[in-house]
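So you can see what is in the structure, the chains are spelled out below.
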Amino acid sequence: MNAPLAGKNGEAAFATLCNELRPDLFRFAFWLARDRSVAEDVVQEALLRAWRSRDSLTEVGAAKPWLLTIIRREHARLYERRRHVTVPLDELVGSESPELAAVEEQETLDVRRAIFALEDDYRGPLVMQVLLGLSTQEIADQLGLTQSAVLTRLFRARQKLRRALGGTVDGEGE
Amino acid sequence: MMECLEFRRQAGADPQHLGPEARQHAAACPRCAGHLGGLLALDKRILAALQVQVPGTAAPPRHGGAAIAVLDHRRWMALAASIIGGVLVGTLLWVGGPRNSLAQDLIEHLDHEPEALVTTIRPEEDSVLGEVLERGGIRLRSGTPLVSYASSCRFRGHTVPHLVVQTTDGPVTVMVLRNEKPASPVTFDEQGFAGRIMPAGPGSIAVIGADGVDLEQIAARVLAAVEWLDD
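Chains as they are written, first to last, in the numbering used here: chain S, 1 to 174; chain G, 1 to 231.
Only chain G is shown next, with the shape it has when bound in the complex:
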């Protein structure tokens, strides 16, 4: 079992890419989970601070966002002008190749969103949650467990709501997948995570937590809480 000091060394160096042992430690040690939460919050502040305005852009784009730079420098224009053809969409480069299973892709996504590990009683800001839900075309009914994290994430080519709800079994990740419709519920247990993907509305909802969480009960609560809005 990893010790707290070693965990904090690892988390302090790379909080967004913890190894399996460190993830297990965070799940079992509330103090280190809290420490990790502080580091992840710090990283968000660092990222915001690093995103200085780029010349020729209307506003600083979000990390990974789609803001298009306006080319305003004469030399840059000269360079660009020498290039024949229009603009191709780079995403074409990423199409193709074998696809992972939905469960594998979900776990891989969680590896990049370690907020899923943090136990907290602090709710996500209303404005952030509201925007994520609106973009995802859903509403949450009353009685939903506390949502401590909300983000609009790119997943399998679509922007989907990624929520973390706090339960008595610990934090549970909820991904609302409007564009993924499994024929029947799928349960998985991989890499220290247990998950369940349930057909719902026009697509599905995935709930993922640490091994041992009562997925059945949590999934039922989440399904009851999510209200799908029309496109």
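Next comes chain S alone, as it looks inside the complex:
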């Protein structure tokens, strides 16, 4: 079996891969956790796990989904351990996530608030599609859903955002 991250050459390739993907991985973790410190912990733990199991990756092209899966699982583990306390959204925005409060443009802040307020089921697929560039089939594979279910969630996520941002919404009540 070919393992592109195995051996001495694999070590350098792993470092390069992690360096290239780290912004995406951190942001993905951030939008899963909605908490900066949790996101940092998740990424560190996930990269350590990826490092230990790097021989299991058989194809470089599959590295990104492989790492995203590890991030999701690590986030779920951490979530289980911490049993998050429910925090009101405004408090969360103001205190736990400085980048939300300190963002320079009001418009970006408004959109971030709206994304923050989306349910996990809608926010996750949207982040995977818009930020990470995954196809709807890849998102379905990640989440163990049908492609049709992913399309529905993405449609509704945008519908909710448009409504939250004061835009007109087509097809309500469909």
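Everything labelled a hint here was simulated from the structure, so no lab data went into it. There may be inaccurate statements among the hints.
To be verified - Short derived list, chain G residues pointing at chain S, Cβ under 10 Å:
#1 Arg-8
#2 Gln-10
#3 Leu-18
#4 Pro-20
#5 Glu-21
#6 Arg-156
#7 Thr-159
What the hints assert, rightly or not - To give a feel for the contact side, a few chain G residues facing chain S, derived at Cβ under 7 Å:
#8 Asp-14
#9 Ala-49
#10 Arg-141
Where a beta carbon is used, it is the ideal one built from N, C-alpha and C, also for glycine.
Given the coordinates of chain S, assemble chain G onto it according to the supplied hints.
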């Protein structure tokens, strides 16, 4: 023919990857084209909002950009320190394999930039257009049709200006390809798109629109409008 409701369901779920039938619908239905434009603008805002600052980076990198993360976490450093060797450029992994024709690559690129479908009278922001033109080493002379979209895109390993101009036949995509020099003009008609690639300046200019646009006339206007600057 796809109905508006079905189009809006598809576009609402994945506005950046419409199928051929949905693209045809958008080209024929101004209201849905406008709706698509709104969705694409929303996606841009979502993307900007999702790009929170990454620890150890000077500034949030643009999507697909080349900002290099500074590793500042002790555990991350420990992990990185255990790895022998320097940094290899990942792009090496993508070199090789058979190449598509230039026309195929252009159409494939358009599939990822559905702004090409949107009919609008709203011009691109001057600052955005100016930056794209400057990066591409070109200027536009007066008399250029209204430019409604401008982006510096990666295409065949180079950053090239991707513009959309609004014509009486609808929106037309213009790609300025400094590094592609066909021996003679190439005309193509594939997947609902009609296009023409013309040698120009040090490279070429491609214009692509929906089937039925007057490419000859538009291409002539674009060629006359583009002024190449020295490297």
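Hint check:
no. : hint    : verdict
1   : Arg-8   : 5 Å, holds
2   : Gln-10  : 8 Å, holds
3   : Leu-18  : 12 Å, violated
4   : Pro-20  : 17 Å, violated
5   : Glu-21  : 15 Å, violated
6   : Arg-156 : 19 Å, violated
7   : Thr-159 : 18 Å, violated
8   : Asp-14  : 6 Å, holds
9   : Ala-49  : 4 Å, holds
10  : Arg-141 : 34 Å, violated
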